[in-house]
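From first to last, the protein sequence lines are chains A and B.
First residue of the first sequence: 1, per the UniProt record's numbering; consecutive thereafter.
First residue of the second sequence: 1, per the UniProt record's numbering; consecutive thereafter.
These aren't lab readings, by the way, just hints derived from the structure by calculation.
C-beta atoms are modelled at their ideal positions from N, C-alpha and C, and glycine is treated no differently.
Among the clues, some could well be false.
Unchecked claim - Chain B stretches covered by chain A per the calculated footprint, using a threshold of three residues with CB under 8 Å from any CB of chain A:
hint	segment
1	123-134
2	150-162
3	181-195
4	370-379
Claimed, not checked - Dumping the calculated PhoX-like pairs for lysine-lysine here, alpha-carbon to alpha-carbon at most 20 Å:
hint	chain 1	residue 1	chain 2	residue 2
5	A	K190	A	K150
6	B	K330	B	K365
7	A	K190	A	K111
8	B	K57	B	K79
9	B	K383	A	K272
10	A	K132	A	K354
11	B	K383	A	K268
12	A	K265	B	K79
13	B	K66	B	K115
Claimed, not checked - Far from chain A, some chain B residues (derived; all Cβ distances over 12 Å):
hint	residue
14	D32
15	G86
16	A87
Next come the chains, spelled out residue by residue.
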Amino acid sequence: MPLYHDDDQAMLADTARQFMAEEGSIAKQLRHWRDRDCKDGFGHGLWEQFAEMGFTGMLVGEDDGGLGMGHVEAGIVLEEIGRNLTPSPFLSSSVLAATALAGGDKAAREKWLPGLISGEHVYTVAIDEGAKHRPQRIAARAEKSGNGFKLSGKKDFVIHGASADMMIVAARTSGDDDDEDGITLFAVPKDAANMSHDSVRLVDSSMATHTIFDGVELDGDAVIGDVDGGRALLDRMLDAGRLGAAAEGVGVAGGAMDMTVDYLKQRKQFGKVIGEFQALQHRAAHLYSEVEIARAAVIKAQQLMDAGSEKASLMASVAKAKVSKTAGLAVREGVQMHGGIGMTDEYDIGLYMKRDRALAEFLGDANYHADRVASLSGY
Amino acid sequence: MADLETFRSETRDWLEANCPPEMRAPVRDERDVYWGGRNASFKNDAQKAWFEACRDKGYTVPAWPKEYGGAGLSPAEAKVLREEMGAIGARPPLSSFGIWMLGPALLKFGTEEQKVHYLGQIARGEIRWCQGYSEPGSGSDLVSLQTFGEDAGDHWVVNGQKVWTSYADQADWIFCLVRTDKSDKYQGITFMLFDMESDGISTKPILLISGNSPFCETFFDDVKVPKGQFVGEVNRGWDVAKYLLGHEREMISGADGGDRTSAIGAAMARHSNEHAGELDPLLRAELAMFDVDALAYACMGEKFLDEIKVGKAHPAQPNTMKYAGTELNKRRHELMMATGGSRSLEWDSKDTDGGTPARSWLRTKANSIEGGTSEIMLNVISKRILELPGA
Chain A
1 MPLYHDDDQA
11 MLADTARQFM
21 AEEGSIAKQL
31 RHWRDRDCKD
41 GFGHGLWEQF
51 AEMGFTGMLV
61 GEDDGGLGMG
71 HVEAGIVLEE
81 IGRNLTPSPF
91 LSSSVLAATA
101 LAGGDKAARE
111 KWLPGLISGE
121 HVYTVAIDEG
131 AKHRPQRIAA
141 RAEKSGNGFK
151 LSGKKDFVIH
161 GASADMMIVA
171 ARTSGDDDDE
181 DGITLFAVPK
191 DAANMSHDSV
201 RLVDSSMATH
211 TIFDGVELDG
221 DAVIGDVDGG
231 RALLDRMLDA
241 GRLGAAAEGV
251 GVAGGAMDMT
261 VDYLKQRKQF
271 GKVIGEFQAL
281 QHRAAHLYSE
291 VEIARAAVIK
301 AQQLMDAGSE
311 KASLMASVAK
321 AKVSKTAGLA
331 VREGVQMHGG
341 IGMTDEYDIG
351 LYMKRDRALA
361 EFLGDANYHA
371 DRVASLSGY
Chain B
1 MADLETFRSE
11 TRDWLEANCP
21 PEMRAPVRDE
31 RDVYWGGRNA
41 SFKNDAQKAW
51 FEACRDKGYT
61 VPAWPKEYGG
71 AGLSPAEAKV
81 LREEMGAIGA
91 RPPLSSFGIW
101 MLGPALLKFG
111 TEEQKVHYLG
121 QIARGEIRWC
131 QGYSEPGSGS
141 DLVSLQTFGE
151 DAGDHWVVNG
161 QKVWTSYADQ
171 ADWIFCLVRT
181 DKSDKYQGIT
191 FMLFDMESDG
201 ISTKPILLIS
211 GNSPFCETFF
221 DDVKVPKGQF
231 VGEVNRGWDV
241 AKYLLGHERE
251 MISGADGGDR
261 TSAIGAAMAR
271 HSNEHAGELD
281 PLLRAELAMF
291 DVDALAYACM
301 GEKFLDEIKV
311 GKAHPAQPNT
321 MKYAGTELNK
331 RRHELMMATG
341 GSRSLEWDSK
351 DTDGGTPARS
361 WLRTKANSIE
371 GGTSEIMLNV
381 ISKRILELPG
391 A
């Protein structure tokens with residue numbers, strides 16, 4: 001498969017780009033909700049529009065009422081989300097939760113997917129149990145209890161944790177904390193008893209929770225996939241999310257770079273447009289080169305994932321690591337080249353820096369993924 | 001598609017029958033390369049057999065038309081051949097600046113007569129070419145070149161000096177940029193072809209830090225070049241040179257599908273464990289980050305080739321490939337030196353095959369200088385792609 005968008009994908013990209021630039025713009029969404037101290041961190045009106053556009057159920061199979069598209073298509077939407085810093089539950093609900101639910105039985109899919117597709121409900125996932133992404137270690141436990149389970153433990157960095165109607169929780173049903181096996185994924189509804197959220201606003205104005213499960217009672221049908229055998233599904237969900245974060249990161253990097261290159265063409269110092277200075281030209285050209293490389297890694301990984309290739313995990317980590325490094329460079333160069341104005345809240349470039357920082361950390365930073373590349377390559 | 005599958009199985013059979021086992025091993029360095037030419041000699045019978053089989057089939061230049069010595073393969077067929085040769089690790093039968101550089105320029109700018117004559121010679125490996133571009137004062141600022149061809153009726157009289165002329169001491173002919181009009185910097189250069197045995201030409205190898213000397217200084221002292229031996233138009237040689245530089249940059253960047261950007265961490269770790277002890281955790285981290293960059297870069301190479309096929313690639317994108325690819329290759333060799341430890345310092349030992357790690361490491365430092373420096377690449381990217389204003 002060639003590494004560029006086919007005609008249908010190019011059309012989707014045009015649509016998504018126009019929609020997000022108009023409806024998901026920084027002024028209309030990120031700043032608007034931030035300045036009102038919005039508790040959800042995103043606008044539900046926009047989310048309804050996402051559903052009308054058909055974005056919400058892109059990754060849901062046609063048999064389940066979705067569009068049955070792939071990660072290339074979801075990535076197209078995510079890149080525009082990144083470019084406009086559009087706050088939305090797309091990554092957590094339509095990518096992560098949708099991928100996990102795809103591995104659930106028919107009853108679970110019928111129960112949860114219609115709300116996801118219609119946009120009426122938003123879902124999220126609860127994975128990390130500390131300040132760094134470390135999904136190989138899971139201590140949260142679900143003990144057998146009657147026909148169901150009793151869930152106890154703590155999850156951190158749960159994006160949209162307080163506003164989600166359901167969260168998919170990775171918990172241990174057997175074995176030790178560091179064991180490969182013994183993991184089960186559970187769908188925990190918003191109104192479950194004995195669950196509490198400590199809600200925090202993050203640097204990029206998004207909302208996350210520290211969530212505590214203190215003997216949350218769950219029915220047997222809360223299980224997504226297999227009891228004790230959830231690791232593979234968890235990995236698949238995480239890889240989908242990492243790729244999604246990488247696609248969004250390419251948008252963040254591209255947005256920051258475009259803004260910076262435009263600025264280099266306008267800002268004058270010493271009687272010259274600063275873009276005439278070779279010191280800045282070379283840094284901008286280096287950045288462009290890195291963004292191109294990152295973009296190629298992302299589309300390659302998306303295609304491998306859609307094709308069900310065994311190399312998809314490795315390339316998902318390559319993509320996430322490369323994008324984290326590249327978007328980091330883009331926002332640092334962006335703020336620096338803007339000079340003093342880049343430090344002001346009024347100017348958007350700083351918002352790119354904040355979003356990049358949160359996205360880089362989400363589901364594993366560049367170091368985590370480089371380490372995973374080494375492990376998967378056998379060293 | 002069915003035809004392509006037939007072609008693939010025929011190609012597989014042909015390679016099985018014609019590619020000797022000795023020619024299915026990676027090229028260690030220039031000692032394993034066959035360059036052709038008037039004074040060529042084969043290293044062994046296998047090299048000779050493999051070259052001759054490919055020559056007779058048109059596989060030294062598979063995508064060139066048959067009338068010019070090629071096999072006339074379509075791009076899809078050429079790709080199949082590349083893949084099948086790659087699958088058995090077949091060495092290129094013939095390495096040649098004629099194939100990589102002069103050939104593409106002649107295909108675009110040459111007359112029919114020139115194509116039949118010169119391309120055929122190149123395809124059959126009869127003439128070994130060298131490239132006369134750079135001069136002592138004209139490196140990155142190539143267009144400032146001074147070598148001058150004075151009009152003497154039916155011929156030019158060429159005087160001047162070239163430098164970094166790869167293998168000039170072993171080449172039969174040279175393709176050369178010569179100033180023929182001093183009044184116009186760009187439109188005063190002619191792209192000439194002439195015999196290195198002409199009177200008045202002398203060459204001198206330049207010893208490099210790697211201990212080798214593929215490069216030469218080349219001197220022209222009243223060299224007579226017949227008026228017919230130019231490509232394109234007189235005084236419009238810069239058009240040819242620019243076109244050719246684009247090719248050269250693609251080639252150096254490895255966009256032709258070379259494997260030098262593949263993941264190296266696993267092999268390096270093994271190497272280190274065998275020779276230098278357990279891999280240092282910080283070195284492992286560096287290798288891992290290199291693999292991330294190298295695998296991502298390989299994706300850009302694949303994307304670039306896909307985009308070229310359908311005309312989607314930005315015309316200046318070879319500069320991005322060249323810049324990123326050569327910087328990456330230098331880093332790769334730094335890491336190979338580090339994982340090899342003191343063993344990689346050995347300059348003349350049997351274990352290191354005559355100091356290959358160190359010599360290769362030093363050689364790669366030229367990657368970001370030859371064919372346009374990294375700084376020139378960044379200039380081109382910033383002006384032609386990002387459209388930043390010219391100084």
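Hints and how they fare:
1. With 0 residues bearing a CB less than 8 Å from a CB of chain A, the segment 123-134 of chain B misses the requirement of three and the coverage assertion fails.
2. Evaluation of the coverage hint for the segment 150-162 of chain B: breached, as 0 residues show C-beta separations to chain A shorter than 8 Å, against a requirement of three.
3. Counting residues of the segment 181-195 of chain B whose CB falls under 8 Å from any CB of chain A gives 0; the rule of at least 3 is not met.
4. Against chain A, the segment 370-379 of chain B contributes 4 residues with a C-beta closer than 8 Å to a partner C-beta. That satisfies the three-residue criterion, and the hint holds.
5. Our distance criterion of 20 Å between C-alpha atoms is met by K190 (chain A) and K150 (chain A), whose separation comes to about 16 Å.
6. The suggested pairing of K330 (chain B) with K365 (chain B) holds, with an alpha-carbon distance near 6 Å, which does not exceed 20 Å.
7. For the hint pairing K190 (chain A) with K111 (chain A), the CA-to-CA distance comes to about 14 Å; that is within 20 Å, so the pair holds.
8. Between the alpha carbons of K57 (chain B) and K79 (chain B) the distance comes to roughly 16 Å, so the proposed pair stays at or under 20 Å and holds.
9. Between the alpha carbons of K383 (chain B) and K272 (chain A) the distance comes to roughly 16 Å, so the proposed pair stays at or under 20 Å and holds.
10. Taken as a hint, the K132 (chain A) and K354 (chain A) pair is honoured in the structure, with Cα atoms around 18 Å apart against an allowance of 20 Å.
11. Between K383 (chain B) and K268 (chain A) the alpha-carbon distance is near 18 Å, which keeps this suggested pair within the 20 Å criterion.
12. For a cut-off of 20 Å, the pair hint linking K265 (chain A) to K79 (chain B) is broken: about 42 Å separates their Cα positions.
13. Proximity of K66 (chain B) to K115 (chain B) is assessed by CA-CA distance (about 11 Å); at most 20 Å being required, the pair is judged to hold.
14. Separation of D32 (chain B) from chain A is adequate, the least Cβ-Cβ distance of about 28 Å exceeding the 12 Å criterion.
15. The beta carbon of G86 (chain B) is kept farther than 12 Å from every beta carbon of chain A, the shortest such distance being approximately 17 Å.
16. Once the 12 Å rule is applied to beta carbons, A87 (chain B) is consistent with being away from chain A; the minimum gap is 18 Å.
Comparing the model with each numbered hint stated earlier shows that hints 1, 2, 3, 12 do not hold.
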